[in-house]
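If you want the building blocks of each chain, they are given just below.
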Amino acid sequence: MSDTLLELINISKAFGSIEAVRDVNMCVGKNEIVALLGDNGAGKSTLINIIAGVFQPDGGELHWKGQRTNRWDVRSGRVAGIETVFQNKALALNQNITTNIFMGRELTNWLGFIHHKKQHAEADRLMREIGFTSSLISPYSKVGTLSGGEQQGIAIARALHFRSQLILLDEPTSALSLVETNKVFAFSRKAKSEGTSVLFISHNIYHAFDLCDRFIILDRGTVMVQATKQDLGSVDKLVKIMETLAKSGKVSLEGHLG
Amino acid sequence: MSTNQITPPGLTVVHPLTDGLAGFMRRNRNPIGAFVMMLVFLGLMIASNSRVFLNPLAYTSVLTTLPIIILMATSLVFMTTGGVIDLSYASTIALGAWGFAILVKNGYSPFAGLVFAILLGALVGLINSMLILRFRLQSLIATLGMLFFTRGAVNILSDGKSIPLPNIQDTFFYQVCCGKIGIVPIQIFWGLGFATVTWLLYSWHSLGSHIHIIGDNEESARSMGIAINRVKTFTYVYVGVASAIAGVFIVSILTTFWPNTGEGYLLVILAAIFVGGNPLIGGVGTVVGALIGSFTVGFIETGIIAAGLDGFYTRFAFGIVLIVSLLGFRTQKR
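Line by line, the protein sequences give chains Z and P. By the working numbering, the letter at position 127 of the first sequence is numbered 127, and the numbering carries on one by one without gaps. By the working numbering, the letter at position 18 of the second sequence is numbered 18, and the numbering carries on one by one without gaps.
Honestly, I wouldn't trust all of these hints.
Stated by the list, open to error - Covered, in the sense of this in silico footprint (three residues per stretch, anywhere, with C-beta under 8 angstroms from a C-beta of chain P), are these stretches of chain Z:
(1) 74-82
(2) 112-120
Said to hold, decoys possible - Restraint-style ranges between C-beta atoms, simulated for each label pair:
(3) Gly16/Z <-> Thr256/P: 32 to 38 angstroms
(4) Gln138/P <-> Gly195/Z: 23 to 29 angstroms
(5) Ile18/Z <-> Val197/P: 57 to 63 angstroms
None of these hints come from the bench; they were simulated from the model. Beta carbons: idealized from backbone N, C-alpha and C, even for Gly.
Can you build the whole structure from these sequences, using the hints too?
Structure (structure tokens):
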């Protein structure tokens with residue numbers, strides 16, 4: 001990790017009386033794949049939504065490339081180069097694939113009219129690049145007719161097209177078959193090789209260990225452990241940490257890393 | 001998935017909006033079906049009363065009121081696609097008509113009257129969008145309230161009296177807006193022109209695309225950074241402006257403002273939208289269908305009265321066409 005891309009300092013967010021995340025400090029460097037792990041309700045999705053700009057944090061600072069950001073919303077996040085592949089995929093099921101890929105950022109002329117041909121050609125290229133090989137699916141297919149994995153693929157194609165600097169993958173593999181999971185991994189590695197960072201949110205420890213360089217473990221809204229793959233050595237250690245956390249709610253990295 | 005063959009580049013890629021007559025027929029089979037039903041009705045009436053129906057004047061009279069239906073039905077597709085409905089237009093028509101009439105009566109140019117009417121229509125649209133977006137009322141309820149409120153306002157403003165504009169037929173404005181080319185009333189071209197603008201916005205502009213996405217899944221639209229409130233406000237203002245223009249057309253054609261202007265159009269226009277194949281669920285819709293639906297409804301409405309039948313046959317025919325065409329949509333869903 002050479003330079004820091006994204007840094008969160010003391011980020012907090014509450015929904016009513018429930019503190020979803022509390023004083024979270026974490027960072028994502030350039031060109032790395034970071035895992036954000038934790039059980040259901042640990043605050044992973046809240047954190048992702050804060051980074052993506054969907055939620056405004058109640059307190060704390062968000063730094064992008066060393067600069068403190070003032071108002072961070074979806075649009076400014078997009079402009080900076082953050083692309084989110086949401087858990088619910090953020091798709092419109094009655095629209096075709098092209099509309100979904102370019103959702104909110106259509107290729108238009110200065111009057112706002114859409115370059116349909118250009119969009120469809122680009123959608124066609126992206127779909128083949130990430131491995132849509134079925135002749136039954138064209139850029140005009142309605143997204144609602146695709147399988148869950150294919151829908152995830154559309155959301156990833158969207159991130160691919162916009163050459164993002166940081167891709168947030170929110171539970172990308174939870175609905176996928178093994179083959180399709182491997183595709184997502186292949187894509188994430190490809191993104192890294194092109195200089196893009198990936199923040200991979202999952203509660204599947206094995207998937208995460210396979211893919212990621214560094215691990216941030218959340219529990220009940222706070223960061224409990226930060227460790228690199230070298231620190232951990234094997235997936236068993238990661239499993240043990242998670243188990244201890246679930247049991248006691250406390251863990252010391254040193255104790256486990258010995 | 002991996003065993004399937006790879007699509008050769010560019011083989012199956014045909015743009016849905018440019019795939020020719022066959023594609024047009026396939027996508028619009030519902031409104032076209034309803035239109036054919038209407039033609040059958042018309043055929044029956046010609047057979048029973050050929051003297052009236054072979055008289056071209058009967059069709060001229062259709063073309064007089066049809067533009068109003070076209071104007072409203074096509075612009076309201078923005079509403080149904082966005083998953084909402086605007087009922088207030090029937091009164092906004094009257095407000096626009098009043099604004100136009102009061103200025104012309106006081107000696108202003110009809111063009112100034114048109115601008116004033118458009119401003120009034122936009123104002124109603126803004127109030128609608130404020131009630132719905134800011135105060136979170138449901139669109140049906142908010143616009144129903146505005147339907148009554150605006151009608152009441154028009155009655156108060158006009159003192160419940162009509163405003164005759166006897167000199168309007170001598171103006172240049174009248175020649176441009178509702179004169180005649182041969183026996184064809186000009187306003188039909190304005191109606192079609194407006195429908196074309198709506199279609200361009202709806203099918204070719206990013207705005208139309210955003211409306212589709214918002215009506216389909218508002219949560220997705222929000223997380224992908226679409227300016228939901230701005231897009232929705234535009235649609236309410238657009239319908240308001242269209243209503244006001246429709247009001248100006250009605251006043252110009254009748255050369256008189258009536259406080260109950262537009263009342264009769266409320267349900268007729270909704271019928272045109274639904275016969276045109278626009279469902280009430282968001283994310284789906286067709287401006288071309290609404291246009292065809294307008295023709296269906298307009299011909300039934302005026303045709304039956306021109307045939308010398310009683311007005312209640314109109315409602316009867318509407319009922320049959322609406323129900324049968326909606327049954328047709330049902331069977332289409334797998």
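- request: Give me the numbers of the hints this structure contradicts, sorted from smallest to largest.
  value: Numbers 3, 4, 5, in rising order.
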